[in-house]
Every structure is written in structure tokens, then in C-alpha cells.
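For chain A, the structure is supplied; the task is to place chains B, C and D with the ligands on it using the hints.
Residue numbers (the numbering used here), protein chains in the order written: chain A, 16 to 600; chain B, 16 to 600; chain C, 229 to 520; chain D, 229 to 520.
Mixed in with the good hints, there may be bad ones.
[Claimed, not checked] In silico DSS-like links for lysine-lysine, alpha-carbon gap of 25 Å or less:
hint, chain 1, residue 1, chain 2, residue 2
1, B, K566, A, K539
2, D, K457, C, K451
3, B, K23, B, K132
4, D, K518, B, K164
5, D, K455, C, K471
6, A, K178, D, K518
7, B, K140, B, K215
8, C, K457, D, K460
9, A, K178, C, K471
10, A, K178, A, K23
11, C, K509, A, K215
Bear in mind the hints are in silico, worked out from the structure with no lab data behind them.
Given next are the chains, with one letter for each unit.
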Amino acid sequence: MSGELNIKEDVSIVLCGEAGQGIQTVESIMVQAIKSGGYHVFSTKEYMSRVRGGQNSTQIRASHKRIRSYVDRIDILVALSDEAVTHLKDRITSQTIIICDETILNDLDPVKYNLIKVPFLEKAKKLGGPIYANVIGAGALSCILGVEKSAFDDCIKAMFSRKGDKIVENDLKAGSEGYLVGEELKAIIKIDILKDPLIKDEILISGTEAVGLGCISGGCRFMSSYPMTPSSPLQVFIADKARDFEMVFEQAEDEIAAINMGLGASYAGARSMVATSGSGFALMAEAVGLSGMLETPIVIYLAQRPGPAVGLPTRTAQEDLDLALYASPGEFPRIIYTPGNMEDALEVSHNAFNMADKYQIPVFILTDQYFADIYYNIPHLDIMNLEVEDFLVKSTPDYLRYKITPDGISPRTIPGYGTGLAIVDSDEHDEEGHITEDLSIRTAMVEKRMIKMDKILEESFKGELFHNSNHLQKDKKFKIMIIGWGSTYWPIREAVEKTGRDDVAFLYFKQVYPLHPDTGDMLKKADETIVLENNAKGQFAHLIQRETDFKVHFKALKFNGMPFSVEEVEEIIHYHLEEDKEVEK
Amino acid sequence: MSGELNIKEDVSIVLCGEAGQGIQTVESIMVQAIKSGGYHVFSTKEYMSRVRGGQNSTQIRASHKRIRSYVDRIDILVALSDEAVTHLKDRITSQTIIICDETILNDLDPVKYNLIKVPFLEKAKKLGGPIYANVIGAGALSCILGVEKSAFDDCIKAMFSRKGDKIVENDLKAGSEGYLVGEELKAIIKIDILKDPLIKDEILISGTEAVGLGCISGGCRFMSSYPMTPSSPLQVFIADKARDFEMVFEQAEDEIAAINMGLGASYAGARSMVATSGSGFALMAEAVGLSGMLETPIVIYLAQRPGPAVGLPTRTAQEDLDLALYASPGEFPRIIYTPGNMEDALEVSHNAFNMADKYQIPVFILTDQYFADIYYNIPHLDIMNLEVEDFLVKSTPDYLRYKITPDGISPRTIPGYGTGLAIVDSDEHDEEGHITEDLSIRTAMVEKRMIKMDKILEESFKGELFHNSNHLQKDKKFKIMIIGWGSTYWPIREAVEKTGRDDVAFLYFKQVYPLHPDTGDMLKKADETIVLENNAKGQFAHLIQRETDFKVHFKALKFNGMPFSVEEVEEIIHYHLEEDKEVEK
Amino acid sequence: MNPEVYDMQNADVAWCPGCGNFAILKTLKMALADLEIPPENLVMVSGIGQAGKLPHYIKSNVFNGLHGRSLSPATGIKASNKNMNVVAVSGDGCTYGEGGNHFMHTIRRNPDITNIVHNNMVYGLTKGQASPTSQINLKTPFQVDGVFEEPFNPLAVAISLGATFVARAFAGDIEKTRKIIKKAVEHKGYSLVDIFQPCPTFNKVNTFQWFKNNIYYLEDSYKPHNKAKALKRAVEGPHESGKFPLGIFYIKEGLKTFEENLSVYEKVDTPLFKREVDRDKLKKLIESKKKI
Amino acid sequence: MNPEVYDMQNADVAWCPGCGNFAILKTLKMALADLEIPPENLVMVSGIGQAGKLPHYIKSNVFNGLHGRSLSPATGIKASNKNMNVVAVSGDGCTYGEGGNHFMHTIRRNPDITNIVHNNMVYGLTKGQASPTSQINLKTPFQVDGVFEEPFNPLAVAISLGATFVARAFAGDIEKTRKIIKKAVEHKGYSLVDIFQPCPTFNKVNTFQWFKNNIYYLEDSYKPHNKAKALKRAVEGPHESGKFPLGIFYIKEGLKTFEENLSVYEKVDTPLFKREVDRDKLKKLIESKKKI
Ligand SMILES: Cc1ncc(C[n+]2csc(CCOP(=O)(O)OP(=O)(O)O)c2C)c(N)n1
Ligand SMILES: Cc1ncc(C[n+]2csc(CCOP(=O)(O)OP(=O)(O)O)c2C)c(N)n1
Ligand code: SF4
Ligand code: SF4
Ligand SMILES: [Mg+2]
Ligand SMILES: [Mg+2]
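So that you can see chain A by itself, here it is in the shape it has in the complex (with noise of 0.2 Å):
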């Protein structure tokens, strides 16, 4: 089989091999050169939970509006293995076109595939070795996409320059060669996309760097963790700048001692931080507890992946929100924030610093591994109205840590501020901060610490709604409203886009707990609710029931380990929309 590609808006090309084949090389090339090239860029990577071998896949898509989700579609496969066709079988149609180096993927049926074959290894050998063949590929990539040969090359220079100029110049020779295989390919393969030199000058962070830099924004200066996919390049990431933001980052033995830590250097008024996945998470339940009880601020970065216990360790999920939302014995206020871009990841980032200090709580940025390890484009990335809000006080010699106020907020200071003394205890305690039986201060404690949940409440950012149409009556009804929390907000938002309905609506939270007292009248705005969930319980269905008595109709669950695509949001769309007209008729 042999047929052409044209494309004009939006194209998705995966890279697929096996793991220390150079994917990530590739990637990172692209992800710049498109951008460099004026087009709207995009990847996420599915990976195995190993060092070498194994099918790893990267896609990368580029277009004239921005595009900020996973789709199925694969219009160009870059093969790097044989068996990157059978790993990606389900995804691969008739229009995509396939190409590899000539020395692999011999017995495909060339009926079936599209399938081009490219000396890349011999290439690469001629220029010194077979790691050139990477850049080759890119060159090409590049090369078809129409970015400029200029923009690559100091793509090129750019990422080489710390290798020295013997590899830089190399790879430019290899860029060359990869051009000049672009401009045969492009007899095939026919990628018009409209450009936009703007593009050029915008941020291109991952969903990890949105994180990370709300959180340096919010203050933080002490991270205490231990190394977990997917919260791994949170760590990287805090580790890398701990010296220009003057932060404290430590690995620990485990998990316990993490969160103990971060609870210390908080207490002495560090605005802490641990980052885990569920396993790990789990480990420190017991000491969620503890910031509960202390009244000592603590933010949880917990980046989901497929359990129980170690499950798919590279893989992504939501599986762990009824464990963010119960983890820790006994009863005590928390918020937990569930980002699903970047502007949001910086946003709540930030604000759970400040919402952890003013509460003295424990504040969770909920994520998973499709959202930490996604890359796109964004015009800008706004830090002005982010302040770092102080609520430390100085004491005096009459202080009491634990001081019953009307709102459960007990003035708080830190040892070694001011002339009192900074007393916190895991056991009841009394105002000044130690250990009581008294079991009618006991009730008063309990009430005090729970009743901080009221003005939390007034904080909370309320669901938001997404529709096509312009001009919203205000008492209009759906006819569908599909529900996300977190990463799957891109690729719901971009398939409710598509159907271009005005009927069809799309409620997203980027705050879960507690909910916005909103919530349940926002729910009511349409005919039939559909949760989307990357779990197998529901268990967002099931806490939007316990808070608001609202039952949503219907959820549709994937814990496969991959994020929902574009595709299957629509269908999923498709399908109720099909319903209904079927129970109409």
C-alpha cells in the first residue's frame, strides 16, 4: 500500500522504540524545532517501567491552534524497533504513514502499511556513528513540517552546545542530512500547516515545570522526598533550582522520614513540600495526620499512576483521590487541588502554599503522570498576581500555639520568632500546646480544627464551565455535561470543542475537596452528567454524591494506564448524544 498524506491543521507524529534508543532525543529536538518553526506544539509519552528494551512511545503534534491533548491518531509513525508496529497496532490505520530505518520491519505487509523506508543508520555511520541517526530523523521530521532549516540548526546549537563543537557541528551535518530526506519525503508526505511567527517567543514548559514553578512562586523552600515515577522530575526539578531559590531539597531514606521532615522544617517555618505517587503516598498517611493535628502546613505533590501497590509504575491514573481524600486517621480539614493545565498547575501550585500556611493544613496537588509529563505551548505564564501571603506571627511570652478563635485559626509562629515558645503536640492538646485528657477540651479542639473547613470553603475555585455557545441563557439546560478533574481537562475541552454543539457541555474542577457549594446547582445544568475518570470505581462520581446528594448519570471509566485521547472523549460524546435520540424517537 502506498498513499499520500496532506495535511493542513494539525498533524501527530509518534516516535516508537525501545527504551535508550534516543526517543527522548528526538522529542526534545522536535518539540523545539516546531515551536521555533511558528507552530503550535504538543507531546506525551507512554513509557515501560524499564532502563532499556521494552516499547516506548512518544507523540508529538503540531498545528496552527494550539492543541494541548493526546489523540489516537498517529498520522506519521516513526518506527525505531520491529516491534513498534505491533505495540502501536490498535492506533495504526490505512492513512498512517510509517517510516524506519531500511534495516528494520522487513516482514510488514506492505499492503496493509504505509511504510517508507529511510537509510538513517548508514547515514549516520557516514557521519561518524550510529547516534546521529536521531538527529537525522528529527532533520527530516523537521523538514517536512516546513520549519525553517535555520530554526532547526539553532535548535541544533542550542541543545549540543554543552557537548562541545565537535558534536554540535556533527549534528548540523546530520540536521543537513536530515533535510535533505525531508525534501524527498515530502513527495509523499504533503504538511501544510499555517504558521504563526508569534509562536516563536511563547513559553514551552511540561506540566511538572507549572508545577514547579508555582511552587517556588508560592514560597517553597524546603522539599524533602524520595525518588517515584511520575513525581521523579518534580523532584529533578526543585533539586536543579534549590540553589538559585535558595531551597533546601533532600532525598530521604523513605517516604516516613520525608513527610517527618517536611513537617519540621515547617513547624521552624519552612514552607515545605513532599512529592510521591501513590505507594510512597501511602507511607505517609500516618503524618498527613500529624499536619492535621499540629496544625503545621504541609503541601503534597501526589502524581497518580495505576495500582494497587506497584501496579504499572509508569503508567497514568486517578486512582488515588479517595486515598488523598481519606489517607491519615481521625478527622481534619484538607484541600485538594487537580490542575489540568498549565496555567492552573501554576496557579494552584502557588495558592497551596498559601493555603496550607493560612489553615495550617495539609494542601495536595493532585496530578498524574499524563499531566507531569506533558509539553506544550503557552503564550505566557503570569506570576504578578501571585503573592506569597505571610501569616506568621511573633510571639510573646503569653503565646498560645493552639488558641480557640471563632474561625478554628490560631494565630501561628515558629520557634526562635519572638519571646514565646512555639509548642506543637501530636497527642490532644491544650492551647498552650500540650498534652490534655480533658475531654471537654478535647471537643473544643476538634470543633476548632474542623471548623477552619467553613472559610476554606469560601476559598475554593469552583468548577468551570465550558460550552460553544456564545451567547449562554442563563437558565439554559445541557443536554449533556461531561465532568473531568485534573489531566483529562485538555482532551475533554478539545472533543466538547469539536462537536461545536451548543448543547454539550463540559464542568471541569480543578479543585475537588472541598467542593465549591456551587457545585451541586452547577451539576443541574443539564440533562445527563458523564464522569470521566481514569479509575474503575468512580471515585469522583462518588464524592460529588457524598457533598452534594447530585448523582451523576453516567461515568466512563478507562485504568488501562493511558490518559483518554481526544477520540474517545468524542465518541464517548457521541455515543450519549446517539442515546438519546434513540430514547427520543
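Okay, now just chains B, C and D with the ligands, sitting in the frame of chain A:
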């Protein structure tokens, strides 16, 4: 003030003093003496988290009817310390008779209080030392109650025989001295409760023992745990019975080791359990998911106390239902039993082992300090119908540990049983048990694990409905239905019985998860439902709402570390009945 | 300074009469007073247990955290505010049992904190179970056949892991213990003081008298600077050769502390809570994401 | 026995080409074959990490549990069924980092299991962070300024805690390692074999060659029965005095194992799963609650 006490039905005696003053000795003698004397007996204690000092108290009830609950009422207070009266001030009324040694409570207002002073210490010293004061006290109380002297002496002999003849002899003398004191006191304290000689041969056990007997009966072979109030008594019970019943008891270095060791033992075929409380259980959260993922059974005895964090270590609470429900990352089935009486404790504990083995999941026995520490007599404890069901299979060379079956249950083998291999894995795995990243196997495995819930539901215990009408009309609707789970069972039941009204009902759950499918319908049998819980959130109410869509009308929550008393429950019932009247007007 | 500055007026001390904890509390106050550390500059950190209640009885800043977790918060506190004197105190069960992993890794980190362990060879607060340091054959309600595990050797483990100050003391000897604690607090880096403490209520074997009979002090000529020699002495004990030596077993001077290794303290000692986010730098970082 | 009996036909081995793990797997199979242990009698227990995947590549019963938790289930398995040969295998991070507390207390318990630790001085599976055994100055994405913590010394800690068999080996020396593993498995009681393992992907400092240059074997005359001497040798290493000694450092024979201390095995060795509840005894126990 100086009143008389006339009791014909049910007396509540409270012993109060510092830790280390010997309340426990008096308690042990009294409960046995009361039973031997032919009365029903009940005891409950509340104590501080310290080894010496502070104020602890024990309530002992004796009655001609079965009594099994804590009451606020104190008929006779035996004060061992000056502070005892302050400690119990809210429960002491003008009716309460306070008995104490002549050396204490000298400042007590004789007009306000019914104080009787007895030279216990002086008499004790004459007998050889102050330690005999407790036995004198016990003798006096027994005498007042009308326990035959010979029965009392038998108790003393049985209880002190291990300490040698000399001690027994002295204690018998002390008892006689006590009886003399008692005879004098009878002038003021007139107790004339009907006896039933058959009670003497009833069983007297604690909540802890009822659970422990169920565990042995269920085939428990291995317990690894870490000391933590109020789960320590069960650990002592198992440690003590280990040799006789061929069990291993091991004190682990921490709770994480405890449950992981337990899972190892279980994997190798020994029915295993852990015992812990909130903080310790939080540390086990990750391994609960391991049980779910390995499909390796474990029974978790979780005895609750108030949190968060260390909280009130020796008090009672029902704050960890949410934690038991949601602890651990990822999704898989579990069962939570919450026995409220001795018979149920035996039954569900036994069942826990069968169910854990059958469904290869973690099963919880969720109790609390109050339940663990109460004692009362019951006619018998039948293990006739409690069988250990064997679910293990012998393996063959082609054995697949995680065979996909319609009901999700894969026949389970263990190492060394048959010719195949037992392979379990905390990563997502294939049928054989080896790591897989095949995402369709992932989906199948999640579904396989989750679907076990269907059969579990069929085998779950239904809520039990109690009311005072002899012939219940089928569609009769109650005015008020109290909902309770676990240890609130008897206080609620006693209170409901006391109302004598046929429009008040009690719905009791000895299994809170999963909830039996009939639950929703049962809840609809009343105009008004009121859940009683020892927590601040109403965790069970939330669970009911989530599982049945039913929103409980009222929550009566108590979270100061003390159990609900019968009087409190009565008050709650009457308050709501009055309210209704108000509305009806 | 007068040790009374640390006295708490209304503290309701929860310890049993005759408990070795009283002597430790007293001795600690004396040592701290010797060093003129004002209560406001002192942070007492503890886990849970009878020993873990100590911070409530001494005027100071207090972080009474979770069972087993005294050392992690202590490390965090010191790292956030180098100016504080941080003393972590807890029981043998708390420190070597539940908290064993932090014990080892805190030593490797070498924060400038003092770690005092009340070693009563038993779990006090939970009523008498064996602790990691319980001696062979001790019978308890949990160890009905008696302890059979090799007793935990905190000193040898600490020295093996490169602890920079390792000592053992006895609650019954106030003057010698005072000196040891003083040196431990003065030491720059992690210091361990394991203190034998009689628990008259639950440990009826290792009583005051038993300790008296089973201890001796390292000879004056002993130089605590050789790791192998220190280890040799640390593994001495009834089980091995007779009696437990007391005193300072090992000191290593000059090793950088945890805090000193942190980039935040390269230029200034300012506590972290006093530092402000460099928003210009942050803006620049964001800007940098525009470029490749 | 032929080591091939342990071969897995279709195992998709997830290790990198050139990794030291391959040699360890091969050596282990050889040692087990030497001891004629049939796969059905072998239980391989592991935590999580690259090393922790080993049980999937050797025909045996497998318990691949949680990160850091290989030793606790191994102890439980052995206690439930004494007839099984239990080998716990995991990485340095898993065993000494996350699992450090179990490492110490399992040693004290002395179950009859073999503990093999793949010590590559790095976290492999999570892509190259420092592990407790990482050497000073190793730079990683987490340790941007380099490791400063004192490297964890598993041998010294194990000997301090009374481990009954303590050895160190090198993945690159199959024959010597085979002998050490064989002796370790034969040993009655807990045995530790820490194996230096090059991780060519993430540890570019402690390479095969580096190990070759920095090791030597304990001299033939060395007798592994003296605790103090064993400790002295165990604290040797580049940081202290030059090179790491390899071989068997310490053996203590005759100490009762964990299982032997359990009352269930006083009379018979029957695995626990074969025992039945003595319902008559239970009835009697219940009856006894009628009496005082
Ligand atoms: C996670 C957790 N597990 C168990 C406990 C119960 N607990 C409290 S103190 C203690 C032991 C105390 O022993 P030790 O540390 O030696 O202190 P001591 O009372 O002897 O001074 C235990 C097991 C707890 N509070 N938290
Ligand atoms: C509770 C928990 N924390 C963290 C992780 C992530 N994790 C998996 S393996 C590993 C480190 C592995 O290092 P090591 O034990 O040395 O094994 P290696 O890969 O080097 O063989 C970590 C941190 C996890 N799976 N579980
Ligand atoms: S129980 Fe022991 S350690 Fe605790 S206060 Fe009493 S005597 Fe001291
Ligand atoms: S990452 Fe290192 S330890 Fe893991 S398989 Fe690769 S080379 Fe071996
Ligand atoms: Mg102790
Ligand atoms: Mg490693």
C-alpha cells in the same frame, strides 16, 4: 447530705482512682463475684494514657436483666483518690453514694454529696499492708450486692491461688473484713436484686476475647503486630494462646514489617492477621494494597481510638472507618466487619478468615477501645457452626496463579503444595504472575479483581432491625430509626428497648462494607433516620449515602473519646420524638 | 545559668514515682544550663512513649511528633533554622524500633542535633512489651516465652554508620551524665547519647541495681577517635563479655554537618523563613522557557 | 544439578545490556544447582527495583512485594513453612534505604533465609538517584551538588547487630561469588551477601573497572569468627583506608533461628497450612470462661 439508696433492678458502681492504685484488682474480683453471685454483670473502663497517676475509672453494673452497656448513672462511686469526684463531677448526682477511705475527700461538701467514709486503709494495714484495701473494698461491695460469702471466697481463691497460700489466706481475711464493712453499709445502701443461679455458669468475656476466640476458630495461624492501644489486648490474647493453638505471634519492629510479614506468611499458607490502631494502621496502608494486588488474604484487626495522629491513645472513637475503607493506593475489593456484641465478634472474626481466603483480599475487623475493653456475661458461645473452609488448591505444572475466571476468583495455591509454582507480584501481572505491561491484560486484571465484589455482596451481612413491637406489619413505618454500627450496638439497643415504643427502631450494622443490597430499603422504613457515630464527620452516614443514595436525616455525633451512654441515646430519641410533636402541632 | 529557667510551673508529669526519667530530665536541664541555652533557642523534639513526653516538662519550643519519628523533624527543624539548638529525645522503642531507619540515615546525614535515647530496655507507655534493646529471656505479655532476639546495639550501629559523637550514660549517675550530655550538645554534628534508664514499673529485670552491677566507665586513657577500637568496645556487654562500658566511645571532629552541606547556607545563616522569593529570578526562569 | 532447571523460557528480561545483574542471576542459579534445590522448594522474595525483578527470571516460587519490604515477607514465609528454601533478593536502595529498619531487625530475628543485595551504589529503576551506598561526591539529578552522606556500611551494621553470616562479593567474579552464595544458603540462620554490581547505565563512577580496582579478597588466613575483628575489616573501604575487602567476614554458628524459637516447631516441622484448629481445645477455652 445523707440519702439512702434503694435498688431492686440494676446497680451502677464506679471505681475511680489513679493509675496504679489497683482499680483493676477490684474490677476483676467484682465482675467475677457478681456473676458467681447470680447477677448479670457488665464492666467498662476509661483510662488515661499514663502508667501512674491521673484518674481512671471503671464502671461495673449488676442486674437481674441482661445489661451490656455503659450508663452515665453512678449509684455507688468508690473513690480511691481525692480527684475522683472532680473527675466524675458531671455524672455524680444527689443520688450517688460515694464511698471512700477516711483519709481522703475531707474537703467535700457533706451537704451536696452522699459521702460514706470507711477506714479501709487502717483495716488493711492491720491485715499486713495497704494492698489489702482493695480486697476489703471488693468484699464490702459484694456484701452490699448480696453476693454469698462463699461465692466471694471462691473468687478470691481462684484469682490469687497463683500467688501462694499466704497471700490467699490474707486476701480471704480481707474479704471477710470487707463483708463486715458491707453489713454496716447495708443500713444505707439497700440493694435487693433478683438472683438467677444459672448465671454463675455463663461465660464472662471481653470484646477482645470474643474477637480472639473467633480468630482462633477461623484458623488464625500467624499474627505479627506492633503494640498499640487499644489493639494490644488482642495481641496479648494471641501471644498467650500461641502455643496451645499452634499459632505464631511475633512483635514486629514496626507496623510495616508486621503486615508485610503477615502477607508473607499468608502467601505460604498460614492464615494471617495483624492488630493495630489508627496511626499504626495508616503505616500499613501501602500493604493493604499489596494484599489486594497479590490477591493474598490478610485479616486486619483495627481497634479505633481518637485521632488525628496520637490523639487520645486510650479512649474510644469511630473515626477510622474512612481510613479502613480507602487506605491504600489503587482499587480492589475489601470487607469491613464491625461487631457490636460478643456473639457477632466471634462470628465475624471467624468469618473474616474464611472470606479473606475465599476472595483473597484484606478483611477488616473494625472495633474500638470501648468494645475491646468491655466485659459481660453471655449464656454460651457456640462454635458448632463455625467451620474453617479450605480454599487452597494443589498446583500442577501448568498452574496459573491469576487465572481469569468468571467470578474473578483464581484458584490459589501456595509454595510447596503440588508440583507447580506459586508466583505473586505487586506489579500488574499476567495470569502466570509475571510482570506485564500489556495494557489489555491490565484492564482484564483490574476487572477480574473488582468483579469479586459481586459474590462478596451476596455473602454480606444484612443490617439487623430491632424494635419493640411483637408483630411487625410488613409495611410498617417507624417514626424514628436509629442507625448504628459496631460498639454502639448495646447502648442504642438498651435505650430503644427502654422507650418501650413501637415506633422507634434500631438498624445495626455488623458489616459496613460492602453494604448489603437491601440496606436502602431498610433505611426507608422510618420517617426519620438518625445515625449515631463516635466521630465528628458522620463517616458512616457518608458511606450510606454513597452506597445507597439514601441521605440519613440526622447525625448525632460524639467525639470526646467516651462512648455513647444509654441515657444519651435515650435523650437523642426523646429529643427527636419531641421535635416531631412540635412539628405535628 | 540556673537549670530552673527550664522549669515548667504547672506540668502534670505523667511518669511513675521512682522512674529514671526524672533524673534524666534533671540532668538535661543542668547540662543545658551549663551551656547557657535560653529556652527560646531550644527546640525539644520527641516521638511517642514515656520518654517522649519529656519535652512537655522542660521550658522550650516543642515538637512532640509521631512514634518513631523524632529524628526526621529534628533534621528538618535544624535545616530550616540553623540558629536553634535542637535536641531529639525519645525512648529505645521509638528510636531503635519504629524509628530504626531514621536512626541510621540521620547518622549518615550528620545534622547538628543531639539525640538522647532513654534506654529502659522495654516499652513503657504501652505497658511492658520487649523493646529492641530488651535483654535475652525477658518475659513480657507479648514475649510469653521470653525475648530471643539479639539485643539491638545502638552504639555499634552508630559508629558503623559514621556517627560523629557516640556515648552511653546511666540515668543514675547525674554528674557523669551531665558532662556527657554537655559534650554531646556542644559537638558539631549528630551526637548520640544512649542513657540506661531503670523503669521500675515494667522492667523488673534491668533495675537500678542491675544497671549498677552491669556497667563500668571506659578507662580515662581511652581515646575515642579510632573507629575499629570504638566498635570493639561497643560490642562489649553482658551477652558478650561481662559488663557494658559507659562514656564517650567515638568522636569524629570536623565532618561537615548536614546544614553545612546545603547550598542555602553557603553564604548566609539566615533562617529560611526570613527569606523572600526572588521574583525577578523567577520571571527570568519563566522567560527562559521561551528559548530552547 | 544443572543450573538450567531454573531457566525461564519466555522471560522478557528488563535489564540493560552489560548490567551486572545478569552475572548475579547466573551465579545464583549455579549456586542453587550446586545445592540441588528444586524450583518447587525455592521461594524467591524481592522488593522493587531492577534487582527486585530477578525472581521473575528464575524458575521458583515468587513473592515480588513492595519496595523496601523483601525481608519481612521472607521471614513470614519461612516461619509458615520451614521446609522452603527462602532467598530474599533486592537492590541496595530497597534493602538499606526504604527497607533499612527491616534489615536491622530481621538480622536480630535470625530467620533461616539468605539475603542477597545487588549493590550498584545507585537507584537503577528510578533512573540514577543516589542510594545509601553511593559514594561521596556522586552527582545525580537529585544530588546536584554530589552525595555528601557517609556511605551506608551494610556489613558493619549487620555484624554489629549479630548477623550470623556476613559476606561481600563482586558480580564480576562468578566463581568466588558462587561459593559465597552457596555457603550463605547452606548457613543455618540469616545470611547477608552484599554483591558489588556495576550499573553501566546510571553509575558511571563505580564501573566494572572501578570495582576491579577497589576490591581485594580477605586473606585465606582470615578467620570469620571474631566480631571485633570482623568489624575492623568491615569498616575498611576507599573512604577509610584504601580498598574494599571481599569474602566472608563473619560467621556465628549454632544460634537458634527465628523458626526454632517458635513454639509451633517445638515438636513438629509440619508447615502451618497443614495444621487444623483443635476445636476441642477451643471449646475448652470457651468453657474456661465460665469459671473464674
Ligand atoms: C505508629 C504507632 N505505633 C505504635 C504506637 C504505640 N506506642 C506508643 S509509645 C510505644 C512504645 C514506647 O516505648 P519506648 O519508645 O521505649 O518509650 P518508653 O515508654 O519506654 O519511654 C508504642 C508502641 C504509636 N503511638 N504509634
Ligand atoms: C514506596 C515506594 N517508594 C518508591 C518507589 C520507587 N522505586 C522503585 S525502585 C526504587 C529504587 C531502586 O533502587 P535499588 O533498590 O537500589 O534497585 P536497583 O534498581 O538499583 O537494582 C524506587 C525508589 C516505590 N516503588 N515504592
Ligand atoms: S512506665 Fe517505666 S519508663 Fe514509664 S514512667 Fe513508669 S517507670 Fe518510667
Ligand atoms: S539500570 Fe543499571 S542496574 Fe538496572 S538493569 Fe540497567 S545497568 Fe542494570
Ligand atoms: Mg523504652
Ligand atoms: Mg541499586
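Structure versus earlier hints - violations, ascending order:
Checked against the structure, the hints that fail are numbers 6, 7, 9 and 10, while the rest are satisfied.
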